[in-house]
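Undergrad: The residues making up each chain are set out below.
Protein chains: 4
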Amino acid sequence: MAQIKNIGLFTSGGDAPGMNAAIRAVIRTALFHDVEVTGIRRGYEGMINGDFFPMGRRSVSNIMQRGGTILKTARSAQFRRPEGRQAAYEQVKKFNVDALIAIGGDGTFRGAKAFNEEFGIPVIGLPGTIDNDLVGTDFTIGYDTAINTVINAVDKIRDTAESHDRLFIVEVMGRDSGMIAWRTGMATGAEGIIIPDANIGVDKLFDRLENGRKNKTSRIVIVSECEGEEGGAFEIGRQVKEKFPHLDTRVSILGHIQRGGSPTCMDRVLACRLGAAAVEALLEGYKCDMAGIINNNVVFTPFERAIKHNSEIDPSLLRIVEMLSL
Amino acid sequence: MAQIKNIGLFTSGGDAPGMNAAIRAVIRTALFHDVEVTGIRRGYEGMINGDFFPMGRRSVSNIMQRGGTILKTARSAQFRRPEGRQAAYEQVKKFNVDALIAIGGDGTFRGAKAFNEEFGIPVIGLPGTIDNDLVGTDFTIGYDTAINTVINAVDKIRDTAESHDRLFIVEVMGRDSGMIAWRTGMATGAEGIIIPDANIGVDKLFDRLENGRKNKTSRIVIVSECEGEEGGAFEIGRQVKEKFPHLDTRVSILGHIQRGGSPTCMDRVLACRLGAAAVEALLEGYKCDMAGIINNNVVFTPFERAIKHNSEIDPSLLRIVEMLSL
Amino acid sequence: MAQIKNIGLFTSGGDAPGMNAAIRAVIRTALFHDVEVTGIRRGYEGMINGDFFPMGRRSVSNIMQRGGTILKTARSAQFRRPEGRQAAYEQVKKFNVDALIAIGGDGTFRGAKAFNEEFGIPVIGLPGTIDNDLVGTDFTIGYDTAINTVINAVDKIRDTAESHDRLFIVEVMGRDSGMIAWRTGMATGAEGIIIPDANIGVDKLFDRLENGRKNKTSRIVIVSECEGEEGGAFEIGRQVKEKFPHLDTRVSILGHIQRGGSPTCMDRVLACRLGAAAVEALLEGYKCDMAGIINNNVVFTPFERAIKHNSEIDPSLLRIVEMLSL
Amino acid sequence: MAQIKNIGLFTSGGDAPGMNAAIRAVIRTALFHDVEVTGIRRGYEGMINGDFFPMGRRSVSNIMQRGGTILKTARSAQFRRPEGRQAAYEQVKKFNVDALIAIGGDGTFRGAKAFNEEFGIPVIGLPGTIDNDLVGTDFTIGYDTAINTVINAVDKIRDTAESHDRLFIVEVMGRDSGMIAWRTGMATGAEGIIIPDANIGVDKLFDRLENGRKNKTSRIVIVSECEGEEGGAFEIGRQVKEKFPHLDTRVSILGHIQRGGSPTCMDRVLACRLGAAAVEALLEGYKCDMAGIINNNVVFTPFERAIKHNSEIDPSLLRIVEMLSL
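Residue numbers (numbering that gives the first Met the number 0), protein chains in the order written: chain A, 0 to 325; chain B, 0 to 325; chain C, 0 to 325; chain D, 0 to 325.
Isolated chain A, as found in the complex:
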């Protein structure tokens, strides 16, 4: 096995808080082991375009507390085609990069898997997405920050809901997984959690508005965004207004604030641990795996399993939300 001397590092897909902390961890760990790091800007796009640059110890000073990614990120249509990946490989060779660390979500890892299979370059993935929807890790980097951003926003909305005796339908991110919806719903005392793609919650909500406690002075319903549609919340809001015209119902789409912000302690710690582990895994010979955390231990999962969606929500947890908000 050839020794790894130069790791190419990039972020890809939607940005997530903690990506910078992971970047810092990768670089510092690599330098500790006398391995160089080459930054690649804008994910696979930059790889194809040859946007490579050497990263030193100081290049990551004081970035851990910042949202976004200093390496920038993008989605790449080109990389999905073999010619795109071939072009990327030329650049990787040209810059003497002999292994890759990719920070992103399932799309990122799908690309990484293809690249590894076609060209044999070892790639380790770090789960960087607010959606927390990957098999192979209890938490993704960015999720903890996103759910705290959501509850802070919903706490503010609750102030207005209480003052005006209103029902607010609040749409959160998380794609079809509902992972953001359930924890933030529990943590804000939501009167309902709706995950349209999984067909969870609409009937319960209507039943409750019809037969539940009448003297509730405010109500919050958390709706997970709906794949392929803009605004599941708007549609649910429309239905609620139609069926319950006496309620003062409003819709709020939290939107992109959920992707930014300084990462929480847990996201930073997760990013530090996985970033360090990714480098050391490459040195130990791992080739095509995602680093994740399961039961507080770092584990590695082959990309082919990690890219499967993890979107099941334990029904006993939804039962608790319901019981507590009665």
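Be aware that one or more of the hints could be misleading.
The list treats identical chains as interchangeable, and a pair is accepted whether it falls inside one copy or across any two copies.
Below 25 Å or equal to it, Euclidean Cα-Cα: the simulated DMTMM-like pairs (lysine to aspartate or glutamate) are [unchecked claim]:
no., residue 1, residue 2
1, K213, D50
2, K203, E279
3, K242, D196
4, K4, E321
These are calculated hints, taken from the structure and not from any lab test.
Given the structure of chain A, go ahead and fit chains B, C and D onto it with the hints provided.
TA: Positioned in the frame of chain A, the structure of chains B, C and D alone reads:
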């Protein structure tokens, strides 16, 4: 002049952070002067419905740091009609309330003025609205909190805009006044500020996107919400996408998070000062005025002047925004 | 087995964010199962003094987001003596309380164990402490909030440290366990973590200041508070100033801000789950156990094991901190 | 008058949030007017040591939201001596700097005044200090952020104070001016505000603890730090514990967290306006003045007046604090 022994206190219109701090200030100041306070729930609606209750010193312990209003608030269509006001007056007499303090915006003060003229009950208004659009005060209670909520949200959006090289069009509240838009635009380094009702900024934005610096990696445009329409930002976003299809343009409506949250230091101090001043003004014989702050001094402005919109933005300030974001 | 009809609920020991969320969860779950809840103020002190009161569904509306504990808390010297516990038992009988839920730390559980052994009253404990030092749970309620408060404070201190090229020695809470110190140290990029009671870190720090990279522009050292002494940080600061007089060294004791604040999403979710589980455990016949979370599952641990300190820090984690901050 | 072509820019004295926003504003405004900017690191120290470097438009991208100062800051003993200033002047000439903008407090401006008098170099000062103690401006850059940091910390401490029925004595910064103490005291509902240097508040506090309402469940006393001593709060805490041993009294020194953090909206707006005004004032021929804001207008005050302390607190404001916290 009959001595004032019992002040009726209510909040009305949209809720604003700092209303609770003002409520606390009114009650503590009244009790200090041996005057009783009767809380009225849900503004003029509660006044008409007789939703009155006595408020003691402890009823306002530890409310200063909370958003919303413990007195709840509402808009009242009934109160706009003479019969509604007559019904309210019956209740005011019934509960031996001999003066009122109203916390709200211009709609609230319009009602207060009519009520005072018709029944002679002295009323003092406190400017409680995030819009900062009243003549007679440099700042309204809630404005400072709202603009900080906005910049924290936009800082988060900037993380994503930078990471993805995007243009974000962010809609903020503030009705037709643009007061929230200009300060938050300056404070977030916005590449454009648009106030649709005042016809400010769209041409400049288009000109800049066409002829300005091309290597900008992220752009934020702050749009003031558009009276009578949902989403000025969506319309502007549509136009930008059409004219500049190469830009990755997104729209974000900040929405109701702007109304809630723990008030800032300045909002609390303003609420404390105006709340105390309102009570003492009633005791000194003021009858139909809004308490405001001008050049750091408490001043009183007759309602008929205060209810006029204050929506002019000093053009020299917009010039600074533009210059700094080049 | 007699059926449980009335649960006495109290908080004890140092307050922790999330206690209110746990209180809400206990009450809502009990009412769901048609069990009454009697609140007891100020922990064992209130139990001895008969400070009991019935708690309804509405008594816990909108408390989830608030720090502190609406039941108040205290340490009780009396309860450590048999006569104190006997007096408490009289009150428990008088108010027809037939089971207890205690939210607190190891001292609380020691009392609960004695009380259960002496009088046979079933008691379930919830781990409510920022220290995260209990066997039987991966996380205690309040810990996640506290570590985020710490990193937000240290991020601010880092601004000054960077601007002035300073070394800051920052003391955090956590008693002898070092649990707060290690995670916040990793998450703030601390150049050193010192846990005086465990004899961790001082030598490494001195070695590093002597032989490490000289061009560091700012340094943060996190020191865990020292049992039985005020200010381990001051003593370490004294030594650093003496040995390295050319460094601009400052000491900052974060202090009580670490105990307060609105709980994070994870703390709220933990409190909801454990609060619900505690009630249902009592109904299922558990008698003398702490509810905890291990590997994301609720588990019950007998008090006699839970009260043992869990203060070991995985050395591989400290190695990562060190490697990343080089 | 020679035209100004190159402005030297530096920050000096204690760092304050908003300094980076001011730096950005100076640079962008200068470039807009085709004037170059030379950054000088570490204030007068860097000026003496020749630590000068050209600053372009991109050097200040996305720094507005960050605490601290990217130019770093220091206090300089050398610059207080004529030889030190002579050495600085050599460097200023060498780098073709023909005017200076200094961001700092009264010590900074005293140096600026001497330098201008001795060498004729025009200097404009920007008030950058959290203390808000300068004549010639209603607010200094950093003050609004600092008072919000304080109230957020005290809100957290209030959670614990309420939960434990405690009296907390909280020391805040602000040197002898008491400006931070009074606004934060009002905004946190403090039961007392003490400004040791001005002999304000200790007698009132003791009187109140002796004769005031006994059923207060928590008390917060805000103490302004004491010039020349470590910890006015500790001394007052000692006295309170001695005189009122039945109270559970704690002392908390907020310390350096007050200097850091992302600046508030008002601090950013102030920094933008003053930064832009400073550059344009130099171009208009101002030579030895501080830019400030009075009644929302930018005004210029000669250094000799600005360096006088502004430490008077309107007694009517302290009366309100007292009245509201009864």
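Undergrad: First find the shortest C-alpha distance between K242 and D196 inside one copy, then the shortest across copies, and answer within, between, both or neither for a cut-off of 25 Å.
TA: Classified as within: same-chain Cα gap 22 Å, cross-chain 34 Å, threshold 25 Å.
Undergrad: At most 25 Å between C-alpha atoms: does K213 with D50 qualify within a copy, between copies, both, or neither?
TA: Cα proximity of K213 and D50: across copies only (19 Å, versus 60 Å in one copy).
Undergrad: My question is about K203 and E279: at a cut-off of 25 Å on alpha-carbon distance, are they close within one copy, between copies, both, or neither?
TA: Intra 48 Å, inter 23 Å, cutoff 25 Å: inter-copy only.
Undergrad: Is it within, between, both or neither when you check K4 against E321 at 25 Å Cα-Cα?
TA: Only across copies: K4 and E321 sit 22 Å apart there, 54 Å inside one copy, limit 25 Å.
Going down the numbered hints, you'll see the structure goes against none, and every one checks out.
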